[in-house]
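Enquirer: For this one, chain Z is given, so just place chain F on it according to the hints.
Chains as they are written, first to last, in the numbering used here: chain Z, 1 to 452; chain F, 1 to 452.
In case anyone wonders, no lab produced these hints; they're calculated from the structure. Some clues are possibly wrong.
Same chains, same label: a pair holds when it works inside one copy or across any pair of copies.
[Said to hold, decoys possible] Cut-off 20 Å, straight-line C-alpha distance, at most; resulting in silico cross-link-like pairs (SDA-like, lysine to any residue):
1) K117 <-> E165
2) K229 <-> G342
3) K206 <-> E58
4) K50 <-> H115
5) K53 <-> D21
6) K50 <-> F376
7) K263 <-> G342
8) K108 <-> I75
9) K206 <-> I243
10) K229 <-> H278
11) K117 <-> E262
12) K11 <-> D21
13) K229 <-> N5
14) K416 <-> I75
15) K117 <-> I419
16) K263 <-> S347
17) K82 <-> S56
18) K44 <-> G242
19) K7 <-> L244
20) K263 <-> I419
21) K108 <-> Q42
22) K110 <-> A23
23) K263 <-> T345
24) K108 <-> F409
25) K206 <-> V176
26) K229 <-> Q13
27) K229 <-> D251
28) K229 <-> E6
29) K18 <-> K110
30) K18 <-> I167
Predicted, not measured: the structure shown is a model, and the values here were computed from it.
Number of protein chains: 2
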Amino acid sequence: MKKLNEKYLAKLQELIDKGSDDALSEQLSTLHPTDIAEVLNQLKPENILKAYKLLSDELKSEVLVDLHDEIRDGILNRLTSKEIAEDVIEGLESDDAADVVGDLSDEKLKEVMSHVKDEETKSDVLDLLTYDEGTAGALMGKELVRVEETWTVTQAIKEMRIQAEDISNVYTIYVVDAQGLLTGRLSLQRLLLTATSTRSLVGELKTDSDLVFVQDTDTEEVVAGYMEKYDLVALPVVDANGILVGRITIDDAIDVIIEEAEKDYQLASGISEDVESHDSIFTLTRARLPWLLIGLVGGIGGAYVIEWFNIEDINPLVLFIPLIAAMGGNVGVQSSAIVVQGLATSSINTTNIISRLTKELGVGLLNGIICSVIIFIITYLLSYGLELSIIVGLSLLCVIVFAALFGTFVPLVLEKRNIDPALATGPFITTANDIIGLIIYFSLGSLMSGIM
Amino acid sequence: MKKLNEKYLAKLQELIDKGSDDALSEQLSTLHPTDIAEVLNQLKPENILKAYKLLSDELKSEVLVDLHDEIRDGILNRLTSKEIAEDVIEGLESDDAADVVGDLSDEKLKEVMSHVKDEETKSDVLDLLTYDEGTAGALMGKELVRVEETWTVTQAIKEMRIQAEDISNVYTIYVVDAQGLLTGRLSLQRLLLTATSTRSLVGELKTDSDLVFVQDTDTEEVVAGYMEKYDLVALPVVDANGILVGRITIDDAIDVIIEEAEKDYQLASGISEDVESHDSIFTLTRARLPWLLIGLVGGIGGAYVIEWFNIEDINPLVLFIPLIAAMGGNVGVQSSAIVVQGLATSSINTTNIISRLTKELGVGLLNGIICSVIIFIITYLLSYGLELSIIVGLSLLCVIVFAALFGTFVPLVLEKRNIDPALATGPFITTANDIIGLIIYFSLGSLMSGIM
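In isolation and in its complexed conformation, chain Z is listed as follows (with noise of 0.2 Å):
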């Protein structure tokens, strides 16, 4: 397998401007399938589609897989119903291709799937599409390797024969009553190595004591704790009625597992929505907003404070000291996590830091436009007079901005370093924020003061 590096896509996009389409074809084969599509993902979106059609068969339908959301949505809506149905959803695991054509309207969804020609294929993807996202069922596959317990090894052996055709990994072997009820497992090399010197039945062979399995219904936050306590690769899914439906792999848990840590990090740096660093600036926005105007409460209810126990003669600067100070480390630390992550998920490199930051301006402006009004509005309401209103909200605009590019800049020069960029996101980036902020509330308004 070849190994991408900033030369070799320099290399890939050299053959595209050029037309060489015989070459970049051979280039592209030699690649994981992963690595295809982050090639795709960072094509102009002219290019994108010609490089896909390009692949083999069987690399189309992997490499769609892996693609960016918004850029599999492009190339779907460029391809025919009978191409979606031939080149992607027959060359995928039910999971994955339900996973691509959940997205797909009602109408082009009915469309591709009346050019399925595999009946169990068909039937498979539109039972995963009945449930509902985040659970066990819709995180599950049906591809597995069932056995009865009342077959012999030999008969079992067959079947597992017929059975693994279609499926990329046969992990465990479950055993069902006849019934289809799941009672235990067999592993692979125990039914291998029986083979050859035994008649005994499945029902003998199996294990039960350590068989874990979830319900359809079950949250994949449950999935996922079990796949992690128990250190599984594959967990069976059951209906109600304890029906074997189908098996979750290691490979999909695994992104849930990320998530949910992922997600407490968000959650604790502000974070209100799973965002990443390619959602749109509005998207960004929303999810940071929100403590943003706990903060601005918080802000409000420490002036309140300073002025309830009545410092004599105080400076009305004072009383807003918490709220900048506040709001900085806040802005900082939601900037920095949503760096830090990138950095860590491949999503972010530091080849494109003018393009963060531009984007990063974008979200702060947004942020600070919103709370410096909102501040604005309040102080003014509250009678700490116009000039004070004015200092108070146009410093807050010029903290969260600053506070945005700083937690942004900061971490991508350490990455770019060598140093571990999430080493600055708390304890510095607060810090800096905080004095920073500090400097230009009352910079501003000792200026505002001369003029005002």
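Expert: Just chain F now, kept in the frame of chain Z:
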């Protein structure tokens, strides 16, 4: 498989108290090894070894791997070298065996190894112990199925059966050349499905374009990154010459993947070492002190900024508003991050809230006293006067202790009410601690200035 719950745990405890060994042994054998370990982790020290000895030989080794480090070491210390060799080492895969004996003294290790009968096991484990912690070599196991390019499929299947006997899961069959260099891989299905019909050579059936591998000296972060990116269940490891030396399975890498995700979260929450909730008060305090010290420096910086702008007739209490607000927020975030991660990994539950709070009181007091003494000395040396120095120092102690308890209590209560505890970690706890910190500070301030 029986599921663990508090009622069932109480029943097991009853059997232990009554000394009903047979009934206890029977109950334990119906549990998953991971759950047995969980039960043992929660038993009183004097009962752990007793319960462990009741397990079957097969379970003994598997349970040992899942126990908390200190409990495992306690058991190992009370087993003879012969018991460790026969009950533990010979029942485990090489990587788990190396983990278990890795902490033994050199002398004890030698003694244990002299009792291991199987020469291959012995050399495998000793080989794994030579790798530095944190490398692919230290993470890998030696159990794998290796076939040569020039073998026929029939020959490969025969060899595979022999090699697979000691391996709990064959995921992939690795193809090597005559020198042992890794050249490709073969899926079990591919080998089995072609088996009946062809005499082809392994070299013709292997795939290599999507072969991903690491070198034994690569870091575990590289391993985790590859397994996550390429959705791998097993990853082959080669030495500096490209010779296949081992493989890493997903169950070992998943802990690294989660640790990576958690590390970013911990760093972002201002926790400098990888700590868990059951670590000692001293370890937890040490991991949290660095950020608090940075916060102190930031707070003093804040005081300087306010003083620098020379606001007329300022009450000196005002100077330390940023310090008090920031420290309350910081401590609260640290405490709640540890609780949230502990709840996520099930190492904390809501039944022992009082003992968690007691421990947190210890950490808060220790960190609080250190920080207060430092800030008292600094403010006094900076000539802020004895009164202000005492007020700031004392308030800081109160704020840190309160914030630590509050940051622990809130997520535990939310969890008990089935609300996602991570929700509390960022916004609410920081904001609440900011305000409460200011109230404590100014209350103490007015009180003390009356007295002194």
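Enquirer: Each hint should be assessed against the structure and marked as holding or not.
Expert: Going through the hints against the structure:
| no. | hint | verdict |
| --- | --- | --- |
| 1 | K117 <-> E165 | within (17 Å within a copy, 41 Å between copies) |
| 2 | K229 <-> G342 | between (26 Å within a copy, 14 Å between copies) |
| 3 | K206 <-> E58 | between (36 Å within a copy, 16 Å between copies) |
| 4 | K50 <-> H115 | neither (24 Å within a copy, 64 Å between copies) |
| 5 | K53 <-> D21 | within (10 Å within a copy, 67 Å between copies) |
| 6 | K50 <-> F376 | neither (52 Å within a copy, 69 Å between copies) |
| 7 | K263 <-> G342 | both (13 Å within a copy, 15 Å between copies) |
| 8 | K108 <-> I75 | within (14 Å within a copy, 62 Å between copies) |
| 9 | K206 <-> I243 | within (17 Å within a copy, 37 Å between copies) |
| 10 | K229 <-> H278 | between (32 Å within a copy, 18 Å between copies) |
| 11 | K117 <-> E262 | neither (40 Å within a copy, 46 Å between copies) |
| 12 | K11 <-> D21 | within (13 Å within a copy, 70 Å between copies) |
| 13 | K229 <-> N5 | between (35 Å within a copy, 15 Å between copies) |
| 14 | K416 <-> I75 | neither (34 Å within a copy, 46 Å between copies) |
| 15 | K117 <-> I419 | neither (53 Å within a copy, 46 Å between copies) |
| 16 | K263 <-> S347 | both (17 Å within a copy, 18 Å between copies) |
| 17 | K82 <-> S56 | within (17 Å within a copy, 58 Å between copies) |
| 18 | K44 <-> G242 | neither (49 Å within a copy, 37 Å between copies) |
| 19 | K7 <-> L244 | neither (49 Å within a copy, 28 Å between copies) |
| 20 | K263 <-> I419 | between (24 Å within a copy, 14 Å between copies) |
| 21 | K108 <-> Q42 | neither (28 Å within a copy, 55 Å between copies) |
| 22 | K110 <-> A23 | neither (38 Å within a copy, 58 Å between copies) |
| 23 | K263 <-> T345 | both (14 Å within a copy, 14 Å between copies) |
| 24 | K108 <-> F409 | neither (44 Å within a copy, 52 Å between copies) |
| 25 | K206 <-> V176 | within (10 Å within a copy, 34 Å between copies) |
| 26 | K229 <-> Q13 | neither (44 Å within a copy, 22 Å between copies) |
| 27 | K229 <-> D251 | both (15 Å within a copy, 10 Å between copies) |
| 28 | K229 <-> E6 | between (38 Å within a copy, 18 Å between copies) |
| 29 | K18 <-> K110 | neither (40 Å within a copy, 65 Å between copies) |
| 30 | K18 <-> I167 | neither (40 Å within a copy, 51 Å between copies) |
Figure legend: structure checked against the earlier numbered hints; hints not met, in rising order: 4, 6, 11, 14, 15, 18, 19, 21, 22, 24, 26, 29, 30.
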